[in-house]
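Following the hints, put chains B and C in place on chain A, whose structure we already have.
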Amino acid sequence: MSTLAQQIVNGLVLGALIGLIALGYTMLYGIVQLINFAHGEVFMVGAFGAHFVSLRLLPADTPWYTALPVMCVTAVAVSVAVAVAVERLAYRPLRGAHKLAPLITALGVSILLQEVVRVFYPGATAPLAFPRAFPDGHLVLGPVTVLWTGVLALAVAPLLAAALHLYVERSRLGRAMRATAQDPETARLMGIDPDRVILATFVLGAALAGVGAVLYGIHYTQIDTAIGFQNGIFAFTAAVLGGIGSIRGAMLGALSIGLVKSLAGQYAWGGAQYDYVWVFALLILVLMFRPQGFLGRPERVRA
Amino acid sequence: MTLVAERLFMSFGGLLALDGVSLTVPDGGVVGLIGTNGAGKSTVLKAVSGLLRPHRGEIRLRGRPIHHLPAHAVLAAGVAHCPEGRRLFAGMTVEENLRLGGHLRRDRHVAKDMARVYDLFPVLGERRTQRAGLFSGGEQQMLAIGRALMARPALLMFDEPTMGLSPIMIRRILDTIALLRNQGTTILMVEQNALAALMLADHGYVIDLGRTTMSGPGTDLLADPRVRAAYLG
Amino acid sequence: MKSKTTGVLSALLAVVTATGTSACAAGKTETAGSAGGCDTSKGTLVVGVIAPMSGKLSAIGLGIRNSVQLAVDQANAACAVKGYQLAMDAQDDEANPDKGAAAAQRFADDPNVVGVVGSYNSGVARAIQPKIAAAKLLLISPGNTDPVLSRGADFATAPKRQYGNYFRVVGTDDLQGPFNARYMVQKEGKKKLAIITDGKAVGESSATEFAKEAERLGAQIVIREKVNENDSDFSSVLTKVKTLNPEAIFVGSEYHVAGPLSKQARDLGLNVPVSGTDGLFDPQFIALGGKDGDVATSVGAPIDKLDSGKAFVDAYKKKGFSDGYGGFGAFAFDAANVIVASAGKVTASGGWSGGLEQRAELIRQVQEYRTDSGANGTIGFDQYGDSVNKMFTVYKVTSGAWKDVLSDQFEAK
Numbered sequence: 001m002s003t004l005a006q007q008i009v010n011g012l013v014l015g016a017l018i019g020l021i022a023l024g025y026t027m028l029y030g031i032v033q034l035i036n037f038a039h040g041e042v043f044m045v046g047a048f049g050a051h052f053v054s055l056r057l058l059p060a061d062t063p064w065y066t067a068l069p070v071m072c073v074t075a076v077a078v079s080v081a082v083a084v085a086v087e088r089l090a091y092r093p094l095r096g097a098h099k100l101a102p103l104i105t106a107l108g109v110s111i112l113l114q115e116v117v118r119v120f121y122p123g124a125t126a127p128l129a130f131p132r133a134f135p136d137g138h139l140v141l142g143p144v145t146v147l148w149t150g151v152l153a154l155a156v157a158p159l160l161a162a163a164l165h166l167y168v169e170r171s172r173l174g175r176a177m178r179a180t181a182q183d184p185e186t187a188r189l190m191g192i193d194p195d196r197v198i199l200a201t202f203v204l205g206a207a208l209a210g211v212g213a214v215l216y217g218i219h220y221t222q223i224d225t226a227i228g229f230q231n232g233i234f235a236f237t238a239a240v241l242g243g244i245g246s247i248r249g250a251m252l253g254a255l256s257i258g259l260v261k262s263l264a265g266q267y268a269w270g271g272a273q274y275d276y277v278w279v280f281a282l283l284i285l286v287l288m289f290r291p292q293g294f295l296g297r298p299e300r301v302r303a
Numbered sequence: 304m305t306l307v308a309e310r311l312f313m314s315f316g317g318l319l320a321l322d323g324v325s326l327t328v329p330d331g332g333v334v335g336l337i338g339t340n341g342a343g344k345s346t347v348l349k350a351v352s353g354l355l356r357p358h359r360g361e362i363r364l365r366g367r368p369i370h371h372l373p374a375h376a377v378l379a380a381g382v383a384h385c386p387e388g389r390r391l392f393a394g395m396t397v398e399e400n401l402r403l404g405g406h407l408r409r410d411r412h413v414a415k416d417m418a419r420v421y422d423l424f425p426v427l428g429e430r431r432t433q434r435a436g437l438f439s440g441g442e443q444q445m446l447a448i449g450r451a452l453m454a455r456p457a458l459l460m461f462d463e464p465t466m467g468l469s470p471i472m473i474r475r476i477l478d479t480i481a482l483l484r485n486q487g488t489t490i491l492m493v494e495q496n497a498l499a500a501l502m503l504a505d506h507g508y509v510i511d512l513g514r515t516t517m518s519g520p521g522t523d524l525l526a527d528p529r530v531r532a533a534y535l536g
Numbered sequence: 537m538k539s540k541t542t543g544v545l546s547a548l549l550a551v552v553t554a555t556g557t558s559a560c561a562a563g564k565t566e567t568a569g570s571a572g573g574c575d576t577s578k579g580t581l582v583v584g585v586i587a588p589m590s591g592k593l594s595a596i597g598l599g600i601r602n603s604v605q606l607a608v609d610q611a612n613a614a615c616a617v618k619g620y621q622l623a624m625d626a627q628d629d630e631a632n633p634d635k636g637a638a639a640a641q642r643f644a645d646d647p648n649v650v651g652v653v654g655s656y657n658s659g660v661a662r663a664i665q666p667k668i669a670a671a672k673l674l675l676i677s678p679g680n681t682d683p684v685l686s687r688g689a690d691f692a693t694a695p696k697r698q699y700g701n702y703f704r705v706v707g708t709d710d711l712q713g714p715f716n717a718r719y720m721v722q723k724e725g726k727k728k729l730a731i732i733t734d735g736k737a738v739g740e741s742s743a744t745e746f747a748k749e750a751e752r753l754g755a756q757i758v759i760r761e762k763v764n765e766n767d768s769d770f771s772s773v774l775t776k777v778k779t780l781n782p783e784a785i786f787v788g789s790e791y792h793v794a795g796p797l798s799k800q801a802r803d804l805g806l807n808v809p810v811s812g813t814d815g816l817f818d819p820q821f822i823a824l825g826g827k828d829g830d831v832a833t834s835v836g837a838p839i840d841k842l843d844s845g846k847a848f849v850d851a852y853k854k855k856g857f858s859d860g861y862g863g864f865g866a867f868a869f870d871a872a873n874v875i876v877a878s879a880g881k882v883t884a885s886g887g888w889s890g891g892l893e894q895r896a897e898l899i900r901q902v903q904e905y906r907t908d909s910g911a912n913g914t915i916g917f918d919q920y921g922d923s924v925n926k927m928f929t930v931y932k933v934t935s936g937a938w939k940d941v942l943s944d945q946f947e948a949k
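Protein chains in written order, with our numbering: chain A, 1 to 303; chain B, 304 to 536; chain C, 537 to 949.
The following block holds chain A by itself, in its conformation from the complex (with noise of 0.2 Å):
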């Protein structure tokens, strides 16, 4: 009993993380149809910026409460900064180009972002220790510990899929996302500028990439050129799991997933070695039987 709550928890926790990359996916492909892969590399660059201040730029003694608030923003800065050059230089040449492009180009773009960091940030050619830029200990809760920047995560990832939900439905902008994801042309006609939603769909993600990258670069203490393409394949596979598009969607589909990776490994079987095998096990069951995914609407042919 015991060991299972542990196991949701930490399920739970890896989920969240890997929510706040999916909201990236889920948006964009809701908007512009694009499978942005390099999306997991704006996460990656974003725990970078943050390693970089927080080692380069920040006093050794700065408190927690100051350097946590100071990473986020240098990484949610940087995040967005190489989203949106992303977007301005390698996908806007090729709108209205065949659906395959963009698509390839995203992993050209990710390969490429993968590529300048490990070759350009000092010591990115190996695992860096990522500052530990938040109280060390773990919440007790009975028989479950988890780990303080794991509560963090639990709480900051759901407030903000949230937030991007209101936000969408509320604002000015986000009624100008969803008339250009319904229908671009008309949308038009409403005097959205469909260059300038698409820019702020980008910003919007990377923003959430770049505080998911604190959040998990303080919780697993590392972070290598890597991560952005590991977690991307987890959260573009929650995205299409919760239906993509959806951005209740996304965060489901990734605490969907963070748990059966955790449960699966203890109580499947094969174990720890065939966690990945369920998670996409489920991936697969789930488009038989609903392919639009958990929230997803059903594909529409448009007039």
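Since the hints were made in silico from the structure, they are not lab data.
From a predicted model like this one, the values you see are computed outputs, not experimental measurements.
The C-beta atom is built at its ideal place from N, Cα and C for all residues, glycine as well.
Any given hint might turn out to be false.
[Unchecked claim] Quick list of the computed label-pair ranges, beta carbon to beta carbon:
| # | chain 1 | residue 1 | chain 2 | residue 2 | range |
| --- | --- | --- | --- | --- | --- |
| 1 | A | Leu55 | C | Asn766 | 17 to 27 Å |
| 2 | C | Val941 | A | Asp61 | 29 to 39 Å |
| 3 | A | Trp64 | C | Ala847 | 40 to 50 Å |
| 4 | A | Leu166 | B | Gly519 | 47 to 57 Å |
Relative to chain A, chains B and C alone:
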């Protein structure tokens, strides 16, 4: 003149869609475009609203060239396009659709204009929180008109506003357009119901194979035997 | 539009390729001026290096490269190979067998290459061996610990030399795994042990040998689990392990897995030592989460216990390399010196043609090679190409740094 379009040329895949169309819409006037399917009527509207870009020719709104502007900037310049098939945001509520119609507006009169739309179409006011996709064709057309009005445009363009509607609804929509005309709205409309269009219009153009083949006051065109034979038969 | 599109794509590709190659191309680094007083009229001979200089194992790979550079520089200064200037050509294998094999092929085709120091990863060596066998290119590994590479799949029961041109200066897993087990069970008194591996060949083989010896000594393996090498979150598998109350965890992987794993175990309240083989023995293990009490066994004696080892460390530091020599720099240094010394003998009576005959002669010289003053003490090879030096050392994290606990010659039982 609210709108002047001069010698518009446009082709898709080698087929000439516009072959030198010219037309003008005077301030406060209603201009109707009639013609067979595929004659190029909708293409003219899309060229004006910036959804399509003419290869040659010039379009001026109140003297200012707009043919090089992207669609979202054309709306800002003052042209609202109520597209064929209504193209509402089906997943959004009535109110959200109207807000999108007034998306670019930053003035304080948005709420007042929304109230005016609800006055014009009380059914929309009663169901303002319902999703647009749940409405009947006629109600959707009302919403599409209301949405276009929300932009307070200098020129309002309708593309087939009565298509697929019941006779009662057709009547209702045409009455609304007449009402807007009487209030001084400048209108450019494409309508396959030539009789209705020419009765509403101060001025009409017959478009055929991408060219303006005839033009004149609506009543004159209605009386023209060639028009009667080709479009009113 | 179209031309713009292709332009952007090709530019992108160009950048990707450029960064890719610049990362790989460590290139030839000759040392200018070092041949000052020596006769180098006969040209340049190349010592190749194949090591993971980027990626998660780069701390190890860069240490290997720099140490070979040091050996080559010293040889040039001492005119070790008469008539020749020596140069190093280091290729990054990124711990990837395909990359390693491609680099090996290039070295084999180049008559100026006398021998290669590499690879670090056993998996990479497996891809390299058949590529260079026919060319009789000398390969001395500073880090392969998989016994199969030298003695074949039946290494324990029916050992058989696999490749005449393959040598290594480190001890193998079939010795290191049991050596680790003896320490954990007999010295630390751990009777209930958990094993976690990353699925790579080297981790699996050391874990299997560890388990055999531990069970022979009366300990119990309560669970054996596999994790994905790219994972960062081991909380699930550790929660499972915790339910079985092990007294220690043997991790068959390297520091980038074992470090975070050690930290996460403690965070979950599973405060037991993590133990592993040489892949853990790196300062990065501690930086990434390794805690006091964690154990690593490694090949050879502690470097600063031997005068020759200290000399290596001093010389390395004097060079001012930006990366440390890591867990395997000293072995790479010894391996490079074996190549240099043997090449010196072969070329003493004439020049170097790079022909098969001469490469075979070089291999004979290596087989005969023997010294007691390597950075790791005794360097020499048995009939399988394995090191005759069966010395291993236990290191333990103490006050946040590795500290050697005991060194011993391993004897099979």
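Each hint, compared with the structure:
Taking 17 to 27 Å as the suggested C-beta distance range, the pair Leu55/A and Asn766/C conforms, at roughly 24 Å. The supplied range of 29 to 39 Å is met by Val941/C and Asp61/A, whose beta-carbon atoms lie about 34 Å from each other. The hint said 40 to 50 Å for the Cβ distance between Trp64/A and Ala847/C, and at roughly 44 Å that hint holds. A beta carbon spacing of about 56 Å between Leu166/A and Gly519/B agrees with the range 47 to 57 Å that was offered as a hint.
Going through the hint list in order, the structure satisfies each hint without exception.
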